[in-house]
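Whenever a hint applies, use it, and build me the whole structure from the sequences.
Protein chains: 2
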Amino acid sequence: MVRNLEYPKRAQNTVKRYDSRGTYDCGAIHQIINTTPVLHVAFPPGGDEPFAALLPMIGVMGSFDYPSADISEPLDCYLHGYVSARLMRLARDSEKGLPVTIAATKVDGLVLSLTPNSHSMNYRSAVLQGYAKPVEKVDEKLWAMEKITNKVIPDRWANTRVPPDGAEMSSTMILRVTIETASGKIRQGEPHDEAKDEKRPEITGSVWTGVVPVYEAYGEPIPSKGNQVEQLPTYINSYVARATEGNRTKALDAAKEP
Amino acid sequence: MVRNLEYPKRAQNTVKRYDSRGTYDCGAIHQIINTTPVLHVAFPPGGDEPFAALLPMIGVMGSFDYPSADISEPLDCYLHGYVSARLMRLARDSEKGLPVTIAATKVDGLVLSLTPNSHSMNYRSAVLQGYAKPVEKVDEKLWAMEKITNKVIPDRWANTRVPPDGAEMSSTMILRVTIETASGKIRQGEPHDEAKDEKRPEITGSVWTGVVPVYEAYGEPIPSKGNQVEQLPTYINSYVARATEGNRTKALDAAKEP
Chain A
1 MVRNLEYPKR AQNTVKRYDS RGTYDCGAIH QIINTTPVLH VAFPPGGDEP FAALLPMIGV
61 MGSFDYPSAD ISEPLDCYLH GYVSARLMRL ARDSEKGLPV TIAATKVDGL VLSLTPNSHS
121 MNYRSAVLQG YAKPVEKVDE KLWAMEKITN KVIPDRWANT RVPPDGAEMS STMILRVTIE
181 TASGKIRQGE PHDEAKDEKR PEITGSVWTG VVPVYEAYGE PIPSKGNQVE QLPTYINSYV
241 ARATEGNRTK ALDAAKEP
Chain B
1 MVRNLEYPKR AQNTVKRYDS RGTYDCGAIH QIINTTPVLH VAFPPGGDEP FAALLPMIGV
61 MGSFDYPSAD ISEPLDCYLH GYVSARLMRL ARDSEKGLPV TIAATKVDGL VLSLTPNSHS
121 MNYRSAVLQG YAKPVEKVDE KLWAMEKITN KVIPDRWANT RVPPDGAEMS STMILRVTIE
181 TASGKIRQGE PHDEAKDEKR PEITGSVWTG VVPVYEAYGE PIPSKGNQVE QLPTYINSYV
241 ARATEGNRTK ALDAAKEP
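Protein chains in written order, with the UniProt record's numbering: chain A, 1 to 258; chain B, 1 to 258.
Honestly, the hints are just simulated from the structure, not real lab data.
Treat the hints with care, as some may be off.
Said to hold, decoys possible - Each computed BS3-like pair below joins lysine-lysine, with the alpha-carbon atoms no more than 25 Å apart:
hint : chain 1 : residue 1 : chain 2 : residue 2
1    : B       : K256      : B       : K199
2    : A       : K16       : B       : K133
3    : B       : K16       : A       : K133
None of these values were measured; they are calculated from a predicted model.
Here's what the structure looks like:
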C-alpha cells in the first residue's frame with residue numbers, strides 16, 4: 001500500500017505563517033477531518049451578495065469506489081447537514097461542482113508564556129478545497145449516510161432502524177466533495193519565549209508558564225423519556241469511555257515538546 | 001439599559017431550515033462567540049481564485065467606544081490570529097472593510113434516535129457577517145489585545161509581562177469587524193422520532209435512544225520546563241475548574257427538553 005501521500009502545494013493551500021507547522025500529508029489531514037464532530041464549510045457568495053457563505057456541517061472522508069481505502073489514500077469528503085437551497089442549487093447547476101472550502105480545528109491546549117504575544121494554542125487544523133456535487137446514486141448515498149452516522153458513534157447505523165425508507169432517502173441530501181488541494185497545521189509542545197524575557201528574573205519569577213490541556217469529553221449517556229432499552233449498549237458505552245480517554249491522552253501528548 | 005436587542009433579519013442571515021431553532025438575540029449570539037475558543041473566518045476569494053478563504057482565528061466581542069457595554073448591546077468583533085498578507089491587504093485597501101463571515105459552533109451532545117435520519121446534535125452556533133478593518137490606533141489595539149488574552153484565561157493579561165514593546169505591537173495585527181447582520185441556532189433536548197417508528201415495539205425494544213453529553217474539558221495545567229512559579233496561580237486554577245464544570249453543566253442542561 002502506498003503511504004505518506006501528500007496533497008500538492010498550490011497558492012490556495014500553501015501554509016505561509018509558521019510554515020514549519022504545516023503538513024500536506026493525506027493521512028494526517030484526513031484524520032483531523034474524521035475526528036472533528038462539526039466542520040465549517042465556506043463557499044463564494046453568489047450574485048451581489050458581499051459575504052462568503054459559511055455553514056457548520058457534519059462530514060467524513062471516504063472513497064465509494066474503493067471503500068477499503070486507507071485513511072492516508074486519496075479520499076472524497078462527504079457532507080451532510082444544513083444543505084441550504086442555495087448550496088444545493090449551486091452544487092447541482094455547476095458542471096464541475098461548487099467550489100467549497102472545508103475547515104476542521106481541534107484545540108489541544110492553551111499555551112501560556114511569559115508575554116501575551118507568545119501565547120498560543122496547541123491545535124490540529126485542516127483545510128480542504130474541492131468541488132461539491134450532490135450524490136445522486138442511491139447506493140452511494142446509503143453508503144455515505146452509514147459512514148456519517150458511524151462517525152458520530154461507531155456501529156450506530158446497524159443498531160438503528162435501517163434502511164431509510166423512500167421519504168427519508170429523498171429528504172436527505174449528501175454532498176460529495178472531490179478534493180483539489182488541502183493543508184494541515186499542527187502546533188504542539190511547550191510555550192516558547194524570547195531571551196529578552198527569559199533572562200529577567202522579575203518576570204520569570206512572577207509569571208506562571210505552561211500548558212492547560214483541552215479536550216472534548218463525553219458525559220454519562222442520558223436515556224430519553226421514550227427509551228425502552230434498559231441496558232446501555234456496549235458499543236455506546238465503550239465508545240464514550242474510549243473517546244474521552246483518547247482525547248485526553250492526545251491533549252496531554254500535545255503538551256510535550258515534539 | 002436596553003435588553004433583548006436583536007440583529008435585523010436579511011437575506012444572508014435568516015435561518016430557513018429548522019427556523020424555530022434560530023435566534024437573532026444579540027446577547028445569545030455574542031455569548032456563543034465569546035465562549036468558543038476558535039472561530040472560523042471566511043471571506044470571498046479575490047481575482048481568479050475559485051475557493052472562499054477560510055481561517056481559524058481567535059476573537060472576542062467588545063466595544064472600544066463603550067467598553068462597559070453589556071454582552072447584549074451592539075458590539076464589534078475583534079479578531080487575532082493568522083492574519084494572512086492577503087487578508088490584511090484586502091481589509092486595508094477596501095474603504096468599507098473586507099466582508100467577512102465569522103462562525104462559532106459548540107457541540108453540547110449527540111442526540112441518538114430510533115432511525116439515522118432523526119439523529120441530531122445538541123449545539124449552539126452563531127454566524128456573523130461584517131466588515132473587517134485593521135485596528136490602527138495604539139490604545140484600541142492594546143485594549144483589544146488585553147480582551148483577547150483574557151478570553152483565553154480571565155486575568156491572564158495583568159499576570160504576564162505587559163505592556164507589549166514596540167516590536168511586539170507592530171508585529172501583532174488585530175482586525176475590528178463591524179457587524180452588519182448575525183444569527184444563531186440552538187438545538188437542545190431529547191431525540192424526536194416519528195410515530196411510524198415509535199409505535200413499532202421491535203424497533204423501540206432494540207434501539208437505545210438518548211443524549212450523550214459533549215463538553216470541552218480542561219486538564220490539570222502542566223508547568224513548562226522553564227516555569228519558575230511553583231504554586232499554580234489561583235486565577236488559572238479556579239478558571240480551569242470553573243470552566244470545565246460550567247461546560248459540563250451546559251451539556252447536561254442541553255439534554256433536557258426546553
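Checked hints:
1. B:K256 / B:K199: 23 Å, holds
2. A:K16 / B:K133: With a Cα-Cα distance of about 21 Å, the restraint between K16 of chain A and K133 of chain B holds, given a limit of 25 Å.
3. B:K16 / A:K133: 21 Å, holds
Figure legend: structure checked against the earlier numbered hints; every hint is met.
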